[in-house]
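Participant: Chains as they are written, first to last, in numbering that gives the first Met the number 0: chain A, 0 to 401; chain B, 0 to 619; chain C, 0 to 256.
What the hints contain is simulated information worked out from the structure, not anything from laboratory work.
Just so we're clear, the structure is a prediction, and the values are computed from it rather than from any experiment.
Fair warning: there could be bad hints in the mix.
Here are the simulated BS3-like pairs of lysine-lysine, each with C-alpha atoms no more than 30 Å apart in a straight line [said to hold, decoys possible]: (1) 93/A <-> 267/A; (2) 379/B <-> 178/A; (3) 299/A <-> 185/A; (4) 119/A <-> 455/B; (5) 166/A <-> 192/A; (6) 30/A <-> 272/A; (7) 267/A <-> 221/A; (8) 30/A <-> 294/A; (9) 178/A <-> 272/A; (10) 185/A <-> 455/B; (11) 379/B <-> 119/A; (12) 67/A <-> 93/A; (13) 93/A <-> 324/A; (14) 324/A <-> 30/A; (15) 221/A <-> 207/A; (16) 221/A <-> 166/A; (17) 379/B <-> 186/A; (18) 185/A <-> 165/A; (19) 30/A <-> 67/A; (20) 455/B <-> 396/A; (21) 190/A <-> 178/A; (22) 185/A <-> 272/A; (23) 93/A <-> 455/B; (24) 455/B <-> 30/A.
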Amino acid sequence: MMIRRQMLATLGAAVLAAAWWTPAPAADVIKVGEINSYTRLPAFTEPYKKGWELAVDEINASGGIGGKTLVVISRDDGGKPGNAVKIAEELVSKDGVALLAGTFFSNIGLAVTDFAKQNKTLFIASEPLSDALVWAKGNRYTFRLRPSTYMQASMLAAEAAKLPAKKWATIAPNYAYGKDAVAAFKKALTKLKPDVEFIEEQWPALFKIDAGATVRALEAAKPEGIYNATFGGDLAKFVREGSLRGLFDGRTVVSFLSGEPEYLDPLKAEAPKGWLVTGYPWYDIGTAAHETFVKAYQAKYGESPKTGSLVGYNTMLAVAAVLNKAGSTDTEDLVTAMEGLSFDSPSGPITFRAIDHQSTMGAWVGRTAVRDGKGVMVDWFFADGANYLPSDDEVMKMRPAN
Amino acid sequence: MGFYVAQFLTGLASAASLFLVASGLSIIFGVTRIVNFAHGSFFMLGAYLAYTIVQVLPHGILGFWGSVVAAALIVGVIGAAIEVLLLRRIYHAPELFQLVATFGVVLVIQDVTLWIWGAEDLVGPRAPGLDGAVRILGEPIPEYDLALIVIGPAVLAGIWLLFNRTRWGTLVRAATQDREMVGALGVNQSWLFTSVFFVGSALAGLGGAIQIPREAVSLLMDLNVIADAFVVTVIGGMGSVAGAFLAAVLIGELNAFGILVFPQITIVLAFLVMAVVLIVRPWGLLGRPEAPQRGAAGPLEAPLRAATGPAMAFAATVLALLAVLPWIADEFTLVLVGDILVFALFAASLHFIMGTGGMVSFGHAAYFGLGAYGAALVVKHLGAGMELGLLMAPVAAGIGALVFGWFCVRLSGVYLAMLTLAAAQIVWSIAFQWQDVTGGDDGLLGIWPAAWAGSKTVYYYLVLVLSAGGIYTLRRIVHAPFGYTLRAGRDSSLRVDAIGIDLRGHQWMAFTIAGVFAGLAGGLYVFSKGSIFPDTLAIPHSVDALIMVLLGGVQTLAGPVVGAVSFTLLEDWITRFDYWRIIFGAIILAICILAPEGIAGFALRLLPGRLTGRVEESAR
Amino acid sequence: MTVLAVRDLSKSFGGVQAVEALNFDLAAGELLALIGPNGAGKTTCFNMLNGQLRPDEGSVRFLGKELVGQSPRRIWRLGVGRTFQITATFASMTVRENVQMALISHHRRVRAFWARAARLYVDEADALLARVGMADQAERACGILAYGDLKRLELAVALAHGPKLLLMDEPTAGMAPQERIELMALTADIVRERGISVLFTEHDMDVVFAHSNRVMVLNRGHLLAEGTPAQVRNDPIVQEVYLGGGSTFKAEDLSHA
């Protein structure tokens, strides 16, 4: 129903296309640009959008930013980095936004990161996980909210090191995210437990996994532990083929992000059991701040929040916090305010580190289980992101000086 | 031993799914010659419909298979409806124009599916009675895989019977070999086409529906399957169902065993196989050479005319406006117009081989991307400046086009197009995989213009001069003996040969020239965006260029420019809305029906001949 | 003077002898007709002469140069022009441009990148068009021409490089009877005034007997009869079996040849 109404609104907007050329000239608003891959991966970006829309509503309901209304101009990049850069140009030079936020895919995040550096514009990368975003390709104008590949892999490695498995096989989609997720886990686990061995790796093409053959190849290597970073449709196929062919029987499975509702919900009763995962057990968190968020979200949308919802919500909290702290929309003021910015969120206090611009937003680590025909996380604990970041010296070495 | 048998069976099960999609595509192409991009969408719809119907029907074996069949039939009806309501109106458009319409259908179906079924992946039930695994030689094999291994050949047999034991099948086979003959035999051609669309779409729907016990139903299914479906169809030989089966088994097995040796190979394996097959057998494994054409399929292209006074005045006005743009427009408009100029050059370079040369490329983004990467790599790895980078862009693309072109010009028609696609996918996979040099899909960053061209205005002028200059140069070449010879080769290779012209060598040179100009566009693009990623080389980017050329009008020289301007502006505007794809798709479909000769061709038809230099004469 | 000398020309396809040990000469300015029932080997013979097929054995000498093993393009450059049974022209060009294309190739300018093709060799092209009576249609698009006009255009194209020999495969196929006579009369006039030799195949016997200087009758790859139109017309075997019934010869009939 909601979607249909949205659609009518869209058509209405199309009719009023003339408005395209004339941005609202109101002086009592602060404009923020937001870019994401809404049509490429709606399963992930729709909850994200709902999350930040909720935050914007709440921020404006409680007086906006110093009395000014927060206006978010949100655009779809269609999954193309070049498009994202073009949109960033428009948001900055034509719409005059104070800062940019968003992006999901790492390569789009990186493209906008580079744009931010070149154009001296603040960019808060909300969802991309790539470590390069704040380290190898980091720059003064880019900050990242979500716990990165390195952080989540470290959380998993810390738990995996406690398990007896020594011979590991990995499976990850064949692109930068998958490669990073595997490399980070290998590095972290080897550091904690030098006698582990990685005996097999599989790299199915993203969203094109030939699950049967891949499962057979993993099985043939007879690993004790399996580390998985596939997601979306690949994960569903992998889980189905793997369980049918007994791949997971008697093996430890560590799985990146698989505890997030985006990944677990579609699997329903077929969700894997006993996998060690990072994720978001929104149903059991129970802290007052989080309960408030969940209630507001469910009231507004009639559905439960997903990880994207939380990330989107926290993104706008960060935006509001930095605008309030800086008290201006000047980029240099905003960057100064961003460094070390702390704010409270449904997932606890978050700080943007001055040293590498990575936030300390954490994640939940636990085991998967099936409850009432649905995949859930059990035996989880909250891993504060601050505890899973490399030392300052290491960071300084990775990050270019500027 | 058991392990290899199990792997073999797994490969066969994958092959069965591939075969169902590809067979439908092959039948549709064989009879109607339509390159149907929407075939993947039919596959996706089949899966979604089966997912929904299986919840409604009573659980059990009958309910499951009933929903699979019902989904296939509904998709068949949808396909037939699209044929009747849409494609039938544009059969007389220039060759390949119908693919623009199917592209519009893809966009519409994407958003309609999102609207009806939502964004979240859907995991359907397993097949009742086939939800376990059996042990063969000690290895667990899913029962459903065994069912698929039976279904594939069974469908093949069914199609064979349909083709060889019914009058309809005889007609379809006849039409596949010689379309005009069927018309001459007095067969109701529109009925035949509609029925073929029904069968082909139903097979795609069936392919999707039988996937629900294996994979999550998702919005990415359409684009994920369409490239593979084309590859299998082409390897087998367009129009040959048995060939499609053979090709599906080949790909399925190579994939199953390939990942044991070299897991990363999966991203490009199918395309490598296709390239090798096409080089060895230019019409696929079991395909036949296309019947010699007797006159062009669509309307005749009019002779070239030198620009008339009014046309030159118009062009001068546009150029003058572009030249003063920095004084009258904001910075973003400069960026947007710069993008349009780059894409116009890109589209013009594609039109050069496609319109003038009759060599359709489904992989032209390879040369755009090679140019962009060529520039970016000398900047990144050799510390060169923008000037050398911009010089390197056409050189790198030209070398790529020289290499791939040598193979491509030996083929013709859709096979040539698919070989260009394979070439592009090979380049893409190298850029994607060779992380140390190309940065993989994290791309190369920080490729900004030199300091003197750093301001948006200066860079805009650079783009304007090089793009407009490139487009003008291409136009001159088309009007020069080189271009005339290329057109001549497209019109009649027999006659060209009989007046002493080395057509293949000429086409090779044209392919390289097109690559050079696409590379220049790529070089300009990378410095305007500051970064480059493998998506520049990927299929969607090639398709964009194809749509620009066809939408603008393949039979007019202004077509690619008009197409690039309309497409880029439209996309820039439309993507501001939610559910923009359905609007975009609907606009494309409307253009298809109103202006089957493309926007520029349509405009020329409306303008008086005095302005366009065209002489109106009715075709024979 | 002998323009074309064919010796022992043979070709078989999978055991079927399409042309066997064919010998003939063609003199300067001569119009030689090659006739025979379907499957007699005319097309095979033609394709060997123009370079599209490589003979199994034999030699084809054109003005003393060996043509066997040469590409069709090279043979054209040596001065052999061709017309096709079904016209092969450039539909998206004007009539004049079709001739200009042949001239551009003749002058080796196909790789010129900047000159305007439509302005090249206009006078030469128009002279050729005038000669075949197509001057008034020079600006028309080739794709909308009547079939008879296409045939005349093809003749002009074939003449563009000043050939010494024309190979014409069924030049009047698909035309109305009156048009056939006119086209062949035109062809005969042109070759006579320019001293061009012509080898042509033809089904229409009226055309053959009216315009050829000499006729060769081919059957099952063998030369059955040869002579002036009058001689061939009066040859009893040709008359009885070929011209009369139109059926192919039986093996025993060949002994009479």
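Participant: Hint by hint, say whether it matches the structure.
Facilitator: Verification of the supplied hints:
1. Between residue 93/A and residue 267/A the CA atoms are separated by roughly 45 Å; this puts the pair beyond 30 Å, and the hint is violated.
2. Restraint check: the Cα-Cα separation between residue 379/B and residue 178/A comes to about 22 Å, which is no more than 30 Å; the hinted pair holds.
3. Under the criterion of a C-alpha separation no larger than 30 Å, the hint pairing residue 299/A with residue 185/A is inconsistent with the structure, at around 42 Å.
4. Taking the CA atoms of residue 119/A and residue 455/B, the gap is about 15 Å. The hint holds against a cut of 30 Å.
5. Only pairs whose Cα atoms come within 30 Å are accepted, and residue 166/A paired with residue 192/A is accepted, the gap being roughly 12 Å.
6. For the proposed pair residue 30/A and residue 272/A, the alpha carbon gap of about 45 Å is over 30 Å, so the pair is violated.
7. Only pairs whose Cα atoms come within 30 Å are accepted, and residue 267/A paired with residue 221/A is accepted, the gap being roughly 28 Å.
8. Between the alpha carbons of residue 30/A and residue 294/A the distance comes to roughly 27 Å, so the proposed pair stays at or under 30 Å and holds.
9. Restraint check for residue 178/A and residue 272/A: the C-alpha separation of about 25 Å stays at or below 30 Å, so the hint holds.
10. Only pairs whose Cα atoms come within 30 Å are accepted, and residue 185/A paired with residue 455/B is rejected, the gap being roughly 44 Å.
11. For the hint pairing residue 379/B with residue 119/A, the CA-to-CA distance comes to about 21 Å; that is within 30 Å, so the pair holds.
12. Taken as a hint, the residue 67/A and residue 93/A pair is honoured in the structure, with Cα atoms around 20 Å apart against an allowance of 30 Å.
13. Distance restraint check for residue 93/A and residue 324/A: the Cα-Cα separation of roughly 25 Å lies within the 30 Å cut-off, and the hinted pair is therefore satisfied.
14. Proximity of residue 324/A to residue 30/A is assessed by CA-CA distance (about 16 Å); at most 30 Å being required, the pair is judged to hold.
15. With a CA separation close to 24 Å, the supplied pair residue 221/A and residue 207/A stays within the 30 Å bound.
16. Between residue 221/A and residue 166/A the alpha-carbon distance is near 8 Å, which keeps this suggested pair within the 30 Å criterion.
17. Between residue 379/B and residue 186/A the alpha-carbon distance is near 28 Å, which keeps this suggested pair within the 30 Å criterion.
18. A threshold of 30 Å between alpha carbons decides the hint, and for residue 185/A with residue 165/A the separation of about 12 Å falls inside it, so the pair holds.
19. Annotation: proposed proximity of residue 30/A to residue 67/A holds, straight-line Cα distance about 10 Å (limit 30 Å).
20. Between residue 455/B and residue 396/A the alpha-carbon distance is near 34 Å, which puts this suggested pair outside the 30 Å criterion.
21. Between residue 190/A and residue 178/A, the direct Cα distance comes to roughly 18 Å. Compliance with the 30 Å bound is thereby established for this hinted pair.
22. Among the hinted pairs, residue 185/A with residue 272/A is consistent with the structure: their alpha-carbon atoms are about 23 Å apart, no more than 30 Å.
23. At roughly 13 Å between alpha-carbon atoms, residue 93/A and residue 455/B fall within 30 Å of each other, so this suggested pair holds.
24. Restraint check for residue 455/B and residue 30/A: the C-alpha separation of about 23 Å stays at or below 30 Å, so the hint holds.
In this structure, the earlier hints numbered 1, 3, 6, 10 and 20 are contradicted, and the remaining ones agree with it.
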